[in-house]
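Colleague: Protein chains in written order, with this note's numbering: chain Z, 20 to 298; chain X, 137 to 414; chain W, 3 to 252.
Keep in mind the hints are simulated off the structure, nothing from the lab. Here a beta-carbon is modelled for each residue, glycine too, at the ideal position from N, C-alpha and C. Please note: incorrect hints may appear among the correct ones.
Claimed, not checked - Which residues of chain Z face chain W? A few of them, derived with a C-beta cut under 8 Å, are:
id	residue
1	Arg108
2	His179
3	Glu181
4	Leu182
5	Ser184
6	Leu186
7	Thr189
8	Gln192
9	Val197
10	Gly201
Unchecked claim - Quick partial rundown of chain W residues pointing at chain Z, CB under 7 Å, derived from the structure:
id	residue
11	Met53
12	Val81
13	Arg85
14	Leu97
15	Tyr107
16	Gly108
17	Leu111
18	Val163
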Amino acid sequence: MSVDRLALAALRASGLLVAAGLLFLLGQVLIRGLPAIDRDFLLTGPRAMGRAGGVLPSLVGTAAVGGVALVLAVPVGVGTAIYLAEYAREGPAAAAIRLAAEALAGVPSVVFGLFGFSLFVIRLGLGWSILSGGLTLALMILPTIIRTAEESIRAVPQIHRELSSALGATGWQTVTRVVLPGAWPGILSGMALALGRSAGETAAVMFTAGTSLRPPRSLLDPARTLSVHFYLLAREGHALDRAYGVAALLVLSVLAVSGAARLLPRLAAGHRAVAKRDQ
Amino acid sequence: MAGLPRLAALITVLALGLVAYFILAEGAPALLAQGPAHFLFGRRWDPRAGEFGMLSMLAGTLWVTAGAMLVGVPLGLACALLLSEVLTAPAAAVLKPAVELLGAIPSVVFGFLGLLTLVPLIRVVFGGPGFSVLAASLVVGVMILPTVTLTAHAALRGVPRSYREASRALGAGQWQTMRMILLPAARPGIVAGLVLAAGRAVGETMAVLMVAGNALQPANCPLDPVRTLTATMALELGYATGRHRGALFTAGAVLLGLSLAVTGLARLAGRPRAGEPD
Amino acid sequence: MTLAVCNLSFYYGRRRALNRVSLVVGRGELMVLAGPGGSGKSTLLRCINRMADGVPGTRLTGRVLLDGRDTRARGADPVPIRRRVGLVFAGAPPLPLSIYGNVAYGPQLQGTDRREVERRVRHALEAASLWDEVAGRLHDPAVELSGGQQQRLAIARALAVEPEALLLDEPTSGLDPLNVSRIESLAVGMRREKTLVFATADPEQVARIGAATAILVRGELVERGDAADILAGPRGSRVRDLLIGGGDGR
Numbered sequence: 020m021s022v023d024r025l026a027l028a029a030l031r032a033s034g035l036l037v038a039a040g041l042l043f044l045l046g047q048v049l050i051r052g053l054p055a056i057d058r059d060f061l062l063t064g065p066r067a068m069g070r071a072g073g074v075l076p077s078l079v080g081t082a083a084v085g086g087v088a089l090v091l092a093v094p095v096g097v098g099t100a101i102y103l104a105e106y107a108r109e110g111p112a113a114a115a116i117r118l119a120a121e122a123l124a125g126v127p128s129v130v131f132g133l134f135g136f137s138l139f140v141i142r143l144g145l146g147w148s149i150l151s152g153g154l155t156l157a158l159m160i161l162p163t164i165i166r167t168a169e170e171s172i173r174a175v176p177q178i179h180r181e182l183s184s185a186l187g188a189t190g191w192q193t194v195t196r197v198v199l200p201g202a203w204p205g206i207l208s209g210m211a212l213a214l215g216r217s218a219g220e221t222a223a224v225m226f227t228a229g230t231s232l233r234p235p236r237s238l239l240d241p242a243r244t245l246s247v248h249f250y251l252l253a254r255e256g257h258a259l260d261r262a263y264g265v266a267a268l269l270v271l272s273v274l275a276v277s278g279a280a281r282l283l284p285r286l287a288a289g290h291r292a293v294a295k296r297d298q
Numbered sequence: 137m138a139g140l141p142r143l144a145a146l147i148t149v150l151a152l153g154l155v156a157y158f159i160l161a162e163g164a165p166a167l168l169a170q171g172p173a174h175f176l177f178g179r180r181w182d183p184r185a186g187e188f189g190m191l192s193m194l195a196g197t198l199w200v201t202a203g204a205m206l207v208g209v210p211l212g213l214a215c216a217l218l219l220s221e222v223l224t225a226p227a228a229a230v231l232k233p234a235v236e237l238l239g240a241i242p243s244v245v246f247g248f249l250g251l252l253t254l255v256p257l258i259r260v261v262f263g264g265p266g267f268s269v270l271a272a273s274l275v276v277g278v279m280i281l282p283t284v285t286l287t288a289h290a291a292l293r294g295v296p297r298s299y300r301e302a303s304r305a306l307g308a309g310q311w312q313t314m315r316m317i318l319l320p321a322a323r324p325g326i327v328a329g330l331v332l333a334a335g336r337a338v339g340e341t342m343a344v345l346m347v348a349g350n351a352l353q354p355a356n357c358p359l360d361p362v363r364t365l366t367a368t369m370a371l372e373l374g375y376a377t378g379r380h381r382g383a384l385f386t387a388g389a390v391l392l393g394l395s396l397a398v399t400g401l402a403r404l405a406g407r408p409r410a411g412e413p414d
Numbered sequence: 003m004t005l006a007v008c009n010l011s012f013y014y015g016r017r018r019a020l021n022r023v024s025l026v027v028g029r030g031e032l033m034v035l036a037g038p039g040g041s042g043k044s045t046l047l048r049c050i051n052r053m054a055d056g057v058p059g060t061r062l063t064g065r066v067l068l069d070g071r072d073t074r075a076r077g078a079d080p081v082p083i084r085r086r087v088g089l090v091f092a093g094a095p096p097l098p099l100s101i102y103g104n105v106a107y108g109p110q111l112q113g114t115d116r117r118e119v120e121r122r123v124r125h126a127l128e129a130a131s132l133w134d135e136v137a138g139r140l141h142d143p144a145v146e147l148s149g150g151q152q153q154r155l156a157i158a159r160a161l162a163v164e165p166e167a168l169l170l171d172e173p174t175s176g177l178d179p180l181n182v183s184r185i186e187s188l189a190v191g192m193r194r195e196k197t198l199v200f201a202t203a204d205p206e207q208v209a210r211i212g213a214a215t216a217i218l219v220r221g222e223l224v225e226r227g228d229a230a231d232i233l234a235g236p237r238g239s240r241v242r243d244l245l246i247g248g249g250d251g252r
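Kindly generate the complete structure, drawing on both the sequences and the hints.
Modeller: This is the structure we're talking about:
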């Protein structure tokens, strides 16, 4: 009995340790970082290589790179999920695609950086640019989009598909009119997760989007994303208050994105909950 | 229109193929010029002298991965057991999002805090530079904890309720039930999660780069600085040209190979045994 | 439309759900398909409008003819067949759309223009005697309707496609007597315009509808004839036993 109690105490202590670690991490970043965030910080460009001034170009760059990645990855990811869930079902084709998505999810981000550098920056001549960075990140977030979309597509009740076919819908009409609207909340939350991942990514964007501090004017301009900016500031070790400010921004965006990923499905779940009750 | 999903699926498969092709195509010439054995087992990495032996970096990656597993696995499994067996619903509703949040925080932020808190702490307590295997292991250990916890939690949830009741009815304590019944029953999923966590540790770049010290000498103890494969790539790609760049892509190919092996292993380990719920 | 099923057998894996079923329903006729739960009524109805096709692990032999044309002839597309032969599922929930959206769904699929869709929705809701109850709240979610209303909505939804034949799969199961009699009279009233098949497990319902009846037990047609004949005398009590006892009396 005493071994049992000892073990349980150890488990609880581990849980407390983890929770305390997270609190320490968040506290450290937010307490030291939030004071640095003001209007100037958000709305002006950097001075003295980022040691003073604000982060506006990096905010723009992060949004642009993440936006490009989403725009590219969502159609491919959702399309793949539709294929897996509605067309291929089980079979060698589905197995191969699933394996490819899993493998893609396991590839380290720095390898994506290498790949994007070689293909987009050099071979395709896109240079260090928002487009190169977005393309690279699109590959990275593709597995997240596929997984979340497939799960939510599979969660659409089978009877809705049958009702639709029985009313004379083609397979594609059923997908666009019944399946995708039903799966949309889950797809949105997957997009939020993917956006969070791309905002926090450093290794893959540093070598594809570049490190330029100039505000980007087009998709072919280089951009220094927030996380790359943060890494470079932290490495230099000078302007720690600026670095903490950027860290706080990163953590806040992660919090916002996780919150959105949780809330979005619930907001849209209202009428679906009623639909479920009646089955 | 109905062909679009098929096209998208094809692009997904193609994407993996493209990544593999370009990494290999860029790395192959350097690999062939120097010979695979020399690459993998050469001790010296000196770009200016044209020497590209990866052994010390492979060792560095191994050090950090092993250390991170020592930190992350026990804590991660403890959290999974807490979530599925011990905590009340409200407490679990706090711990689970906390763990998920831990997994979402960017690795540069972990690296930064490690740099500012752990490294000086280690320097003061144990001496040495502070940048070390130990610092990297602690940081990466925390980073892989969510992978361990979330996969193990999912596996534990799949164990039928009746197992717990049968064990408790025989007079087993809660811990005995976990150790003798639940952990073995959930083993395939847990092991698959551990493999994925190890894969994440191998691939982790920025956080390691910031706290491991990046010394090219092999480490002899956990307080020595090390350099991992990923750190080398991130540090040197910016200025590498010619054979040096090729060598970095070869390192990338090794990492890619490791990650593919990890995916395969996790699949094999996670395959549910006959009659078990998915 | 004349609907003919010839020698139809259907298998789920190795289990045979239908065994050489043959029946003909003429234009403007109402056929009651009676059988205990699990006897294969739903499977038969699904086979008729090709809803059972393509499910992995299933196999079908025999033919279903619409006006003499084989529905599974080479190159025949199931979609137009489903538009010609409507199917109302047993106790299915509505689509997660408004009341209007549910009924308009079928016509909209065919690219019907808005005016015509509106006309068809109203017409279908009236035919399903639901219009008076929902006219003021067409754009409310359909799930807010009561069970009986949802079942009539399902019939309206199928009618809005303007099919030539309508298959009703236990359309009154779980409903209160008032809604049951409403739906029964709906079906009887529609028989002039549509080819109708009405599946039920209830011998009293067979008697009330009083139409041509076929009894399906364990995937085989065991009796057929007019309701009054089938249910009369010693033959009638055997049929009642079959329907109530799930065919164990054989």
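Colleague: Decide, hint by hint, whether the structure agrees.
Modeller: Results of checking the hints against the structure:
1. Arg108: holds, 7 Å
2. His179: Hint holds; His179(Z) Cβ to chain W Cβ min 6 Å, cut 8 Å.
3. Glu181: holds, 7 Å
4. Leu182: holds, 6 Å
5. Ser184: holds, 6 Å
6. Leu186: holds, 4 Å
7. Thr189: Hint holds; Thr189(Z) Cβ to chain W Cβ min 5 Å, cut 8 Å.
8. Gln192: holds, 5 Å
9. Val197: holds, 7 Å
10. Gly201: holds, 6 Å
11. Met53: Holds. Min distance 6 Å.
12. Val81: With Cβ-Cβ at 5 Å, under 7 Å, it holds.
13. Arg85: Holds, about 4 Å.
14. Leu97: For Leu97(W), the interface hint holds, since the closest Cβ of chain Z sits about 6 Å away, which is under 7 Å.
15. Tyr107: holds, 6 Å
16. Gly108: holds, 4 Å
17. Leu111: holds, 5 Å
18. Val163: holds, 6 Å
Comparing the model with each earlier hint shows no violations; every hint is respected.
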